[in-house]
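With chain C held as given, fit chain F onto it using these hints.
Listed in order, the protein sequences are those of chains C and F.
Residue numbers for the first sequence follow the numbering used here, so the first one is 1 and each next one is one higher.
Residue numbers for the second sequence follow the numbering used here, so the first one is 170 and each next one is one higher.
Keep in mind that the hints were calculated from the coordinates and are not lab data.
There's no promise every hint is true.
[As the list claims (entries may be wrong)] Heads up, simulated BS3-like pairs for lysine-lysine below, C-alpha to C-alpha not over 30 Å straight-line: (1) LYS272(F) x LYS165(C); (2) LYS167(C) x LYS272(F); (3) LYS26(C) x LYS260(F); (4) LYS272(F) x LYS260(F).
[What the hints assert, rightly or not] Quick partial rundown of chain F residues pointing at chain C, CB under 7 Å, derived from the structure: (5) ASN174; (6) PRO176; (7) VAL182; (8) LEU183; (9) ILE190; (10) ILE203; (11) MET206; (12) SER207; (13) ILE210; (14) ALA246; (15) ILE252; (16) TYR257.
Quick reminder that beta carbons are idealized off the backbone N, C-alpha and C, glycines included.
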Amino acid sequence: MSLHYFFFILLSVLAVASAIVTIATKHPIRSAIALVVHFFMLAGLYLTLSAQFVAVMQILVYAGAIMVLVVFVIMLLNLGKDQSLEKKITFNNFGGIVLAGTFGLAVIYAFINLHPEPTSFPNHNVNFTTVQAIGRSLFTNYIVQFEAIGLLLTAAIIGAVLLAKRKLM
Amino acid sequence: MLMTNIPLEFYLVLSAILFVIGAVGVLTRRNAIIIFMSIEIMLNSVNLTFVSFSIYFGDTLGQLFVFFVMAIAAAEAAIGLAIVLALYRLKQTVFVDEVNLLKW
Numbered sequence: 001m002s003l004h005y006f007f008f009i010l011l012s013v014l015a016v017a018s019a020i021v022t023i024a025t026k027h028p029i030r031s032a033i034a035l036v037v038h039f040f041m042l043a044g045l046y047l048t049l050s051a052q053f054v055a056v057m058q059i060l061v062y063a064g065a066i067m068v069l070v071v072f073v074i075m076l077l078n079l080g081k082d083q084s085l086e087k088k089i090t091f092n093n094f095g096g097i098v099l100a101g102t103f104g105l106a107v108i109y110a111f112i113n114l115h116p117e118p119t120s121f122p123n124h125n126v127n128f129t130t131v132q133a134i135g136r137s138l139f140t141n142y143i144v145q146f147e148a149i150g151l152l153l154t155a156a157i158i159g160a161v162l163l164a165k166r167k168l169m
Numbered sequence: 170m171l172m173t174n175i176p177l178e179f180y181l182v183l184s185a186i187l188f189v190i191g192a193v194g195v196l197t198r199r200n201a202i203i204i205f206m207s208i209e210i211m212l213n214s215v216n217l218t219f220v221s222f223s224i225y226f227g228d229t230l231g232q233l234f235v236f237f238v239m240a241i242a243a244a245e246a247a248i249g250l251a252i253v254l255a256l257y258r259l260k261q262t263v264f265v266d267e268v269n270l271l272k273w
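Just chain F, same shape as in the assembly:
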């Protein structure tokens, strides 16, 4: 038997709030590492939506999606942090507004 009697909307609204917090972090911070962490917050809020709908519909597929999202997030963190390291070696900065090689 399912152990919760909390409405589904509570989980959905919570995940929307967390997504907005992550989006504000991505749009306003300059530090590339903090931008990565904000992206992780956004991915996690989507995972919460997936899990709550998976439980709501009684289907395993939502949790498999969460598994795949976690694998993608791990790959993204590895590649992204390697890019940050290469960027720091090249420009001695991790602030994204000081990196304007592609800006005209």
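Next comes chain C alone, as it looks inside the complex:
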């Protein structure tokens, strides 16, 4: 057991546990805190893959921006407690769990049988994970998509303002 395995197993167990807490807990604010922990664990997993740019973006965008927005809305609405997941196993919930579990087992089966023996990562030069490489690719080959994302974010901001406004004029 090397240190790599230790960190991977630690991060993945914490990620799965915080994801389960997120969907199973009663109060939305606890879900939000567990989700922040989940995002940090995923950032750690990206670092074990030596994808620094994605790890930093994960913390900045998800744990920083999106979760602040979610917590802000939870506080603003001042919601009471929802029922927790395990107390209301109705037929619909049971169907949902069975459906998702079947799908997950199928995907895991497909992933495990990708190759007969476990595939290790090839030893590339890791220059393609740096901010420099990603920025060069983003501003040369994929500049149209990048501008389209800017357009989409502008439209989303206008849409959010229009939706949340009480009266339009």
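Below, chain F without anything else, positioned relative to chain C:
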């Protein structure tokens, strides 16, 4: 040099497990905000798959996809939470099973 000697399948199976947890959250919870958070878990698990395949193939494109997915998720969170606010103003609830205006 790449710093990991963990097999690729470990990352893929982990992302599948996280996707299933998010899907269970979407299918079983009533609170719209928790449904949003479950969607974020699902998007993140797909991002993990993208990054691991990007590292595996030695190509930057997978990480660019993650960048685009993050931008879409930010837009989705802004619009979705604005919808939740408008819904709460209209019906005084965020439970999706109490909103049945379009149900016949």
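Hints versus structure:
no.	hint	verdict
1	LYS272(F) x LYS165(C)	26 Å, holds
2	LYS167(C) x LYS272(F)	26 Å, holds
3	LYS26(C) x LYS260(F)	22 Å, holds
4	LYS272(F) x LYS260(F)	15 Å, holds
5	ASN174	6 Å, holds
6	PRO176	4 Å, holds
7	VAL182	5 Å, holds
8	LEU183	5 Å, holds
9	ILE190	4 Å, holds
10	ILE203	5 Å, holds
11	MET206	5 Å, holds
12	SER207	6 Å, holds
13	ILE210	5 Å, holds
14	ALA246	5 Å, holds
15	ILE252	6 Å, holds
16	TYR257	6 Å, holds
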